[in-house]
Amino acid sequence: NAGVTQTPKFRVLKTGQSMTLLCAQDMNHEYMYWYRQDPGMGLRLIHYSVGEGTTAKGEVPDGYNVSRLKKQNFLLGLESAAPSQTSVYFCASRDTGYNEQFFGPGTRLTVL
Amino acid sequence: KNEVEQSPQNLTAQEEEFITINCSYSVGISALHWLQQHPGGGIVSLFMLSSGKKKHGRLIATINIQEKHSSLHITASHPRDSAVYICAVGIQGGSEKLVFGKGTKLTVNP
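As you go down the protein sequences, you meet chains X and D in turn.
Just so we're aligned, residue 1 is where the first sequence starts under our numbering, counting upward by one.
Just so we're aligned, residue 113 is where the second sequence starts under our numbering, counting upward by one.
Simulated from the structure, these hints should not be mistaken for laboratory data.
Even glycine gets a Cβ: it sits at the ideal position worked out from N, Cα and C.
Watch out, some of these pointers could steer you wrong.
Not everything, but these chain X residues come out facing chain D in the computed CB check (under 7 Å) [said to hold, decoys possible]:
1) Met27
2) Tyr31
3) Gly42
4) Val50
5) Tyr64
6) Leu78
7) Glu79
8) Asn99
9) Pro105
10) Gly106
Just chain X, with the same shape it has in the complex:
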C-alpha cells in the first residue's frame, strides 16, 4: 500500500495563478483532511471531508476550495494564489471510528 500520497511535492506560483493539489489514499478511509503548516504555528485545518461527495470548512478555509468526487481522492484548489498561501500543505486521512490520522509527505508551495 502506498498510504497517503500528494502531488506535486514542490510548486512555485506567481500571484494570481491557480493550481490544484491532489491527495490520494489507498486505505479506503472515509475521512480526509487538508492542513497547512507555517513556521511558528501548529498545523491548521483548511478543509476536511467525512466521505465521498462531502466537504466542510476548517479553521482557515479562505482562498481555498476542495472537492471529493472519489473516495480515494481529495483535491485542494487555489483559484488565485496569494503570497500568504506560501506554506507546506499536508493531506491526511483516517478511518471511521479510529482516530489515528495518516499523513502524506507534504507539498511545499511558494507564491511569488
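Add chain D to chain X, keeping to what the hints say.
The following block gives chain D in isolation, referenced to the frame of chain X:
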C-alpha cells in the same frame, strides 16, 4: 490562549539523556495524539491515547485526564530521535478534527 500548549518549544540533549516533552490542553478531548516530524519530512503518528500510558520501544506516552496533561518521554535518547514532536487533541463531542500544538523541536547531540 491556544487550546493545546507544548513545552519546551526547543530542547537540546546529549545522547543517552532521558527526555520529557509536555502537552497541556484546555478542552474536553476524545483522544490525544503524539506525532513526529523529521526535518524536511512527513508526519508520523507515534501514539494515540485517551487514558493511562503507552510504550513503544524507547518512547513512553502518559496522559492525566483530570489534569489535562500529557507527557512524551524518550529513554536513552539517540541523535536519530532529533525531530519535531507534535501534540494534538481530538475535541470531545463528535468532532472529526484535531487541534495541534506548535511542536517541540528536539535536537540530540552525539
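Quick rundown of the hints versus the structure:
1. Taking 7 Å as the C-beta cut-off, the interface hint given for X/Met27 is violated, the closest approach to chain D being about 13 Å.
2. With a least beta-carbon distance of about 6 Å to chain D, the hint placing X/Tyr31 at the interface is held under the 7 Å criterion.
3. The interface hint given for X/Gly42 is met, as the beta carbon of that residue sits about 4 Å from the closest beta carbon of chain D, less than 7 Å.
4. Taken as an interface hint, X/Val50 checks out: its beta carbon lies about 6 Å from the nearest beta carbon of chain D, inside 7 Å.
5. Against a cut-off of 7 Å between C-beta atoms, the interface hint on X/Tyr64 is violated, since the closest Cβ of chain D lies about 16 Å away.
6. Of the supplied interface hints, the one on X/Leu78 is violated, with its beta-carbon coming no nearer than about 21 Å to a beta-carbon of chain D, more than 7 Å.
7. Taking 7 Å as the C-beta contact cut-off toward chain D, the hint placing X/Glu79 at the interface is violated, the least distance being around 24 Å.
8. Hint on X/Asn99 holds. Least Cβ distance to chain D is approximately 5 Å, under the 7 Å limit.
9. For X/Pro105, the shortest C-beta to C-beta distance to chain D is roughly 4 Å, which falls under 7 Å, so the interface hint holds.
10. The beta carbon of X/Gly106 is positioned within 7 Å of a beta carbon in chain D (closest approach about 6 Å), and the interface hint is therefore held.
Violated hints, listed in ascending order, are 1, 5, 6 and 7; each of the other numbered hints is respected by the structure.
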